[in-house]
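Given the coordinates of chain A, assemble chain B onto it according to the supplied hints.
Number of protein chains: 2
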Amino acid sequence: MKRILVTGASGLIGRHAVAALVRQGGWDIHVAARRLPELPSGDGVTAHAVDLLDPLGPTELLRRTAPSHLLHLAWTTEHGRFWRAPENLDWVAATLRLARAFAEAGGRRMVAGGTCAEYDWSAPELVDGSCHEDATPTLPHTLYGVAKDACRRMLTAFGAEAGIETAWGRIFFPFGPGEDPRRLIPSIIGNLRACIAAPCSPGTQVRDFIAGEDAGAAFAAITASGVTGAVNVGSGIPMTIAEVALTVGRAMGRPDLIHLGALPLRPDDPPRLVADVRRLTDEVGFRCGASLEQRITSMAHLRCLDVSPMSP
Amino acid sequence: MKRILVTGASGLIGRHAVAALVRQGGWDIHVAARRLPELPSGDGVTAHAVDLLDPLGPTELLRRTAPSHLLHLAWTTEHGRFWRAPENLDWVAATLRLARAFAEAGGRRMVAGGTCAEYDWSAPELVDGSCHEDATPTLPHTLYGVAKDACRRMLTAFGAEAGIETAWGRIFFPFGPGEDPRRLIPSIIGNLRACIAAPCSPGTQVRDFIAGEDAGAAFAAITASGVTGAVNVGSGIPMTIAEVALTVGRAMGRPDLIHLGALPLRPDDPPRLVADVRRLTDEVGFRCGASLEQRITSMAHLRCLDVSPMSP
Chain A
0 MKRILVTGAS GLIGRHAVAA LVRQGGWDIH VAARRLPELP SGDGVTAHAV
50 DLLDPLGPTE LLRRTAPSHL LHLAWTTEHG RFWRAPENLD WVAATLRLAR
100 AFAEAGGRRM VAGGTCAEYD WSAPELVDGS CHEDATPTLP HTLYGVAKDA
150 CRRMLTAFGA EAGIETAWGR IFFPFGPGED PRRLIPSIIG NLRACIAAPC
200 SPGTQVRDFI AGEDAGAAFA AITASGVTGA VNVGSGIPMT IAEVALTVGR
250 AMGRPDLIHL GALPLRPDDP PRLVADVRRL TDEVGFRCGA SLEQRITSMA
300 HLRCLDVSPM SP
Chain B
0 MKRILVTGAS GLIGRHAVAA LVRQGGWDIH VAARRLPELP SGDGVTAHAV
50 DLLDPLGPTE LLRRTAPSHL LHLAWTTEHG RFWRAPENLD WVAATLRLAR
100 AFAEAGGRRM VAGGTCAEYD WSAPELVDGS CHEDATPTLP HTLYGVAKDA
150 CRRMLTAFGA EAGIETAWGR IFFPFGPGED PRRLIPSIIG NLRACIAAPC
200 SPGTQVRDFI AGEDAGAAFA AITASGVTGA VNVGSGIPMT IAEVALTVGR
250 AMGRPDLIHL GALPLRPDDP PRLVADVRRL TDEVGFRCGA SLEQRITSMA
300 HLRCLDVSPM SP
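First to last, the sequence lines map onto chains A and B. Residue numbers for the first sequence follow numbering that gives the first Met the number 0, so the first one is 0 and each next one is one higher. Residue numbers for the second sequence follow numbering that gives the first Met the number 0, so the first one is 0 and each next one is one higher.
Bound conformation, chain A alone (with noise of 0.2 Å):
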């Protein structure tokens, strides 16, 4: 049976990844977060406490639990702050502690969570393209990108070194129930559910949005699979932010709430990132479980959901 560490467990992308572990049998799956209750167990699942960004920290876990494979999805995400915040040099750091322990433990395949931010979203053939793997030039224009992008370039220096495969999961836009409140999708909800009119940009952007249930299992079939290097993870599909708000008042019959324009565009907000997925649906072999417009009406429709209105 293989042995799996993943970090990050609790998030909005890690604890579908380990239902997807689950669902795909066969592994003894280990996953770590700061503070138990956060964690899913269960199923084969064992929870530890851990705080990665200590130093102590995940040496001796991995030493304890000597995982074959790491799915390393932890890193800060604080809304409004992650793209600046110093905190990325920390998760850095702790990311090549948490590898050189994984080594050291005999580790054989990781994967872990990057960000289509490490491409350069400037580059002209975004204008009516997507971002491809390798073509696409890498070119990370905040903090977060570059602690991302030096990451994954450490990992598959190390990795090459070390005799330990690595993949990249370059993450696009994510959503979905357990997503920070103040976040697009259930800032809209909020309000709707409010019955106030949900301020928005002209919403000209477009994103490529993925569920974090879809993004869960894309890293866990990645994880599975033998595919390294660099991989989309998104749903492929272009959507402007327009269209993400006015399916998210479809969904919950207020499309009028919907004020697109009442907000100005941010000047540095890249006006297209949309992921290639050939590699992650020809290589990797997967697919997402359910259409964007479904993922966004389940959501909004959804009782237990943490939302509060937009503040003013």
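Do not take every clue at face value.
Each pair of labels, with its calculated beta carbon distance range [what the hints assert, rightly or not]: (1) A:Glu59 / B:Pro263: 44 to 50 Å; (2) A:Arg22 / B:Gly162: 46 to 52 Å; (3) B:Gly128 / A:Leu138: 22 to 28 Å; (4) A:Thr45 / B:Val21: 54 to 60 Å; (5) B:Arg107 / A:Pro270: 34 to 40 Å; (6) A:Gly252 / B:Ala134: 57 to 63 Å.
Hints are computed from structural coordinates only; laboratory data are not their basis. Fair warning: this is a prediction, and the values are worked out from it, not measured in the lab. Glycine is no exception: its CB is placed at the ideal position from the N, C-alpha and C atoms.
Just chain B now, kept in the frame of chain A:
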């Protein structure tokens, strides 16, 4: 008075950087190394014993000294091992911790040691040319090069967020008293002092050698300047390995003992690595204090030099 913390202050380059800062004047100089006896002191230099790889090491020191400037030269340099050593990951983590602690302590300008191994040394433009900080692509072919490159990217992005000026000195091929006796020049000196032949490769590889004394003074000049970004730290003089070996032979009166071609060329050895030093000379305003021949000759004549004949 400006206050500076220098790491790696006992190293081949660091010791000379400290001496050059003392000569510049106007600095309250603090140096850090694992063991106090390694450290230069006196002349207004305060030595601190601190293990930078200890996660708690630098934080307390930075808080206590609160330097305005940081010159970070410490790294793993174990001869024959550092190119591929997993310790490169530890030094990335240590460098990021140091930068975080420096920012929290109110630091304003940081300069760190990079490497010519960040460049794509297979780039066709290097066949007859030299490495230019911006024009030559960075594509490191070793774990050491990837680690340094990742640090540069992180420090630059973090510096931009934290309001810290950042410069990065890309060191070419340093030599001098204090270097590992197994390296090129001291190993040849060792053989010639024992009156035995020094077997060499054909020595056709072209390199940019720079004396530790000059490299240290260059770092002190970069630190005192306002120059930001990458700066090559080399002599700018292309010299074949054969010429270097024969210079040692001539300085010791035994060029006949230099046996070029007795060893094979390493297949992965890049044919040419030479620095474009215009940024160092024109923008920083630095020039080496002596010719390469003078530096090699005075090293060969040094009475107290840690040398030993090559192992057979």
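Now the hints, each set against the structure:
1. Between Glu59 of chain A and Pro263 of chain B the CB atoms are about 45 Å apart, so this pair conforms to the stated range of 44 to 50 Å.
2. For Arg22 of chain A paired with Gly162 of chain B, a C-beta distance near 48 Å keeps the hint of 46 to 52 Å intact.
3. Between Gly128 of chain B and Leu138 of chain A, the C-beta spacing of about 24 Å keeps the proposed range 22 to 28 Å intact.
4. With their beta carbons about 57 Å apart, Thr45 of chain A and Val21 of chain B fall inside the hinted range of 54 to 60 Å.
5. Checked against the hint of 34 to 40 Å, the pair Arg107 of chain B and Pro270 of chain A passes, with Cβ atoms roughly 36 Å apart.
6. The beta-carbon spacing between Gly252 of chain A and Ala134 of chain B, approximately 59 Å, falls within the hinted interval of 57 to 63 Å.
Comparing the model with each numbered hint stated earlier shows that all of them hold.
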